[in-house]
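Those protein sequences? They're chains A and B, same order as listed.
Each residue of the first sequence is one higher than the one before, counting from 155 in the working numbering.
Each residue of the second sequence is one higher than the one before, counting from 155 in the working numbering.
Quick caveat, the hints were computed from the structure, so don't treat them as lab data.
Each hint can be trusted.
Examples of chain A residues toward chain B, derived with CB under 7 Å: (1) PRO394; (2) THR490; (3) ALA581.
Now the in silico label distances, taken between C-beta atoms and shown as ranges: (4) B:ALA416 to A:GLU438: 44 to 54 Å; (5) B:THR170 to A:THR587: 34 to 44 Å; (6) B:PHE445 to A:GLU248: 25 to 35 Å.
No residue lacks a Cβ here, since even glycine has one placed at the ideal position from N, Cα and C.
2 protein chains.
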Amino acid sequence: MLEELRAALGPQGCLTGVDVPEAALSDASRSGRDLPLALLRPATVEEVSRALAICHRHGAPVVPQGGMTGLAGGANPAPGAIALSLSRLSGVEEIDADAMAMVVRAGTVLEVAQKAAEAAGFLLPIDLGARGSCQIGGNIATNAGGLRVIRDGMARDNLLGIEAVLADGTVLSRLTKVVKNNTGYDLRHLFAGSEGTLGVITRAVIRLRPLPGPRGTVLAALPDFASVLRLLALARATLPGLSAFEAMWRDYFAFSQSLLPAPLFADPPPFSVILEAEAGEALERLLETAFEAGVVSDALIAQSLAEARRFWAVREGIEMDAALPGLINLDVSLATGRLDDFAQACRAALLARFPEAHVSFFGHVADSNLHVAVAVPGGGETAAHTVDATAYGVVQDFGGSISAEHGIGTLKRDWLGCSRSGAELAAMRSIKTALDPKGILNPGKLLPPE
Amino acid sequence: MLEELRAALGPQGCLTGVDVPEAALSDASRSGRDLPLALLRPATVEEVSRALAICHRHGAPVVPQGGMTGLAGGANPAPGAIALSLSRLSGVEEIDADAMAMVVRAGTVLEVAQKAAEAAGFLLPIDLGARGSCQIGGNIATNAGGLRVIRDGMARDNLLGIEAVLADGTVLSRLTKVVKNNTGYDLRHLFAGSEGTLGVITRAVIRLRPLPGPRGTVLAALPDFASVLRLLALARATLPGLSAFEAMWRDYFAFSQSLLPAPLFADPPPFSVILEAEAGEALERLLETAFEAGVVSDALIAQSLAEARRFWAVREGIEMDAALPGLINLDVSLATGRLDDFAQACRAALLARFPEAHVSFFGHVADSNLHVAVAVPGGGETAAHTVDATAYGVVQDFGGSISAEHGIGTLKRDWLGCSRSGAELAAMRSIKTALDPKGILNPGKLLPPE
Numbered sequence: 155m156l157e158e159l160r161a162a163l164g165p166q167g168c169l170t171g172v173d174v175p176e177a178a179l180s181d182a183s184r185s186g187r188d189l190p191l192a193l194l195r196p197a198t199v200e201e202v203s204r205a206l207a208i209c210h211r212h213g214a215p216v217v218p219q220g221g222m223t224g225l226a227g228g229a230n231p232a233p234g235a236i237a238l239s240l241s242r243l244s245g246v247e248e249i250d251a252d253a254m255a256m257v258v259r260a261g262t263v264l265e266v267a268q269k270a271a272e273a274a275g276f277l278l279p280i281d282l283g284a285r286g287s288c289q290i291g292g293n294i295a296t297n298a299g300g301l302r303v304i305r306d307g308m309a310r311d312n313l314l315g316i317e318a319v320l321a322d323g324t325v326l327s328r329l330t331k332v333v334k335n336n337t338g339y340d341l342r343h344l345f346a347g348s349e350g351t352l353g354v355i356t357r358a359v360i361r362l363r364p365l366p367g368p369r370g371t372v373l374a375a376l377p378d379f380a381s382v383l384r385l386l387a388l389a390r391a392t393l394p395g396l397s398a399f400e401a402m403w404r405d406y407f408a409f410s411q412s413l414l415p416a417p418l419f420a421d422p423p424p425f426s427v428i429l430e431a432e433a434g435e436a437l438e439r440l441l442e443t444a445f446e447a448g449v450v451s452d453a454l455i456a457q458s459l460a461e462a463r464r465f466w467a468v469r470e471g472i473e474m475d476a477a478l479p480g481l482i483n484l485d486v487s488l489a490t491g492r493l494d495d496f497a498q499a500c501r502a503a504l505l506a507r508f509p510e511a512h513v514s515f516f517g518h519v520a521d522s523n524l525h526v527a528v529a530v531p532g533g534g535e536t537a538a539h540t541v542d543a544t545a546y547g548v549v550q551d552f553g554g555s556i557s558a559e560h561g562i563g564t565l566k567r568d569w570l571g572c573s574r575s576g577a578e579l580a581a582m583r584s585i586k587t588a589l590d591p592k593g594i595l596n597p598g599k600l601l602p603p604e
Numbered sequence: 155m156l157e158e159l160r161a162a163l164g165p166q167g168c169l170t171g172v173d174v175p176e177a178a179l180s181d182a183s184r185s186g187r188d189l190p191l192a193l194l195r196p197a198t199v200e201e202v203s204r205a206l207a208i209c210h211r212h213g214a215p216v217v218p219q220g221g222m223t224g225l226a227g228g229a230n231p232a233p234g235a236i237a238l239s240l241s242r243l244s245g246v247e248e249i250d251a252d253a254m255a256m257v258v259r260a261g262t263v264l265e266v267a268q269k270a271a272e273a274a275g276f277l278l279p280i281d282l283g284a285r286g287s288c289q290i291g292g293n294i295a296t297n298a299g300g301l302r303v304i305r306d307g308m309a310r311d312n313l314l315g316i317e318a319v320l321a322d323g324t325v326l327s328r329l330t331k332v333v334k335n336n337t338g339y340d341l342r343h344l345f346a347g348s349e350g351t352l353g354v355i356t357r358a359v360i361r362l363r364p365l366p367g368p369r370g371t372v373l374a375a376l377p378d379f380a381s382v383l384r385l386l387a388l389a390r391a392t393l394p395g396l397s398a399f400e401a402m403w404r405d406y407f408a409f410s411q412s413l414l415p416a417p418l419f420a421d422p423p424p425f426s427v428i429l430e431a432e433a434g435e436a437l438e439r440l441l442e443t444a445f446e447a448g449v450v451s452d453a454l455i456a457q458s459l460a461e462a463r464r465f466w467a468v469r470e471g472i473e474m475d476a477a478l479p480g481l482i483n484l485d486v487s488l489a490t491g492r493l494d495d496f497a498q499a500c501r502a503a504l505l506a507r508f509p510e511a512h513v514s515f516f517g518h519v520a521d522s523n524l525h526v527a528v529a530v531p532g533g534g535e536t537a538a539h540t541v542d543a544t545a546y547g548v549v550q551d552f553g554g555s556i557s558a559e560h561g562i563g564t565l566k567r568d569w570l571g572c573s574r575s576g577a578e579l580a581a582m583r584s585i586k587t588a589l590d591p592k593g594i595l596n597p598g599k600l601l602p603p604e
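Chain A on its own, in the form it takes in the complex:
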């Protein structure tokens, strides 16, 4: 099989043994340890097709890889698997200004595509911290969220067309730029978020947006969660360009702020919200209204980019990893109105099990997305497993999602039943079998064993 693959892809397209770079072993979760049998690096769609056809004939498992920035282990090779990197299949093919659409190859680094869009006068509405190394194909395969969801949705919501190669090498290509297209089952949305288990995404058409105008950034202090919800409702109704609404619970704000040179609020309030919107009268009016109604008790308006960065530094908790060894960052979704009820229940459940633990909360409230920061002093893998079991149990009680953005991969696979019913899992398995009957695409990922 390796000989066939070498013949099909050339020596640069099929690396084995010591030639396989370390980076192919694990995504950013650092949970992968196994050397793949080979690392394939096809440079064209045809090469992806040929490579998959060969692997399919041999029944060899194939693990698609993008920029390896995932956090769920989804791109880690299992022992003996063939890794298939899209890195050489890269580049922006076309920007169609009238259709506001970009045709782009899967291995293109997100930031490269963003800059190409910007040079043409547009915004590429997918953005996340890993922009400098993650790839468009991986963004789609994991349905990346990130920083623009509140305005423009998840990766799938910005996808006009897709090309993917099925397990047997069949190329499904529908690189359409049209917005409306009701011609049967939507294969875009089947591949988006399927984490490489249904097909290998090779190209995509991404919808572009107008470049946003100058933004204003506010850090507001609020007395309770009901006020957070009221401020959100006001912002949604009156700020057309609302581009961030990030809440920090007191525990998170106080701890994260304590790690930075100077405090923003000397007395950390029950809730802090970073709000970003188009600068202008509407933003000022909103703050006035919120003050008068007692929804906001204090507010800092960023007077410079540097000051806005100081707000975001607290939110991003950049010193937290160093201060809290073994920090776990859970990424869950719950109905927006229940985020604080969940936070209280989750905190109580975790502290009942680990009374010494750090537990704190922050989230993209408008997107129903909450992050739980948990650190158990002296805790290892067993403690981490208990944290997962405890927190995801509470998520299940609240009817939430155990993975808002990060996907399932291997690391959340055993908890998928907290968010999907047996009937849903069975439907997912039957779709998997229909498109990949030999089960060679990313086996062991996403779907738990029956």
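Go by the hints and put chain B onto chain A.
Same frame as chain A, now just chain B:
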């Protein structure tokens, strides 16, 4: 089987023979003529499940029906099929203001759901002409487009959660209100647009939006299609609340206007555009800029709702059906920048075949959606078939979609290959077989025979 169904659903839930209302025979295309074996009217999700389990055991074909406003024959019963109406499974179950989400039953009439949202201070962002009789379940099953696509996308883009019953009666229920949810394959998007061939949608969670502010309506005259594209680019970049951008080619505008009491532009321009956006300075500035640049040669600004309605009356061509017997309205999508190239090629191809025909064009340009109005004097079904073959052939040459909004049903089924490859159709068939192995759900619809 009918006895089992009567026992499961009661006499009100299972009608046969003369008790079956005429409305169950055909959707709005008036192409259905066959009486179903029975019309099932389940009132609960459990009854839908029980009814499908019975039909599945007997291998009986089931045709799901909503408000019967479709235009592609998708809800028409084949001879001997069981029709399953969702009309009794209706009502808004919940409006969650914090999550900006509505939980609604499939049989709810769209306008009823819209009014419930409005009473709670929100906009339900799905809207189409048939709002008074179409149903939410059908809107999702056909991925309805309509009047708000430019701002809020198609029906699927406003869907947070879904509940559907599979062919064998299995209930898949994920009525989530969360925006971010990366927990495996996205079943929402599989059922949306599947035209009842994969499952019967019973409930949904729809995302709500803030109520829009007052709007301004402009009718602009433009010298050429390049100007239409330039005005669109300006509008996208400077009007945050752009809610309509409808272009009429001269042939359409002139004919439609001639049927109304008084002309809007005495000399019909090459292109007319109806533009709607939030009233205010931005709209006025846009018009000034467009005038100065020669993009717009004339413009009427509606001074009242009545005047705006006069603009829309031309666009809607309300007198066209009477003036042009046998009028066909094709609904296709093409990359926005190529809409006029397509219009010229399509007009030439149709007039070559039918020199006496009326052929005219109008479209939702921002949504890449074009409508082709065709009337062949004295033409019957054969002429209509030739019109389809001719126009869809040109769509295929341009890489477009033969159905932007209307879906496939039976009436476009034989042309699906113009917009989907053999590999795509095979993938769609394998998904159909995976979820409905006996093929009882809406057989003969959407997918052409192999």
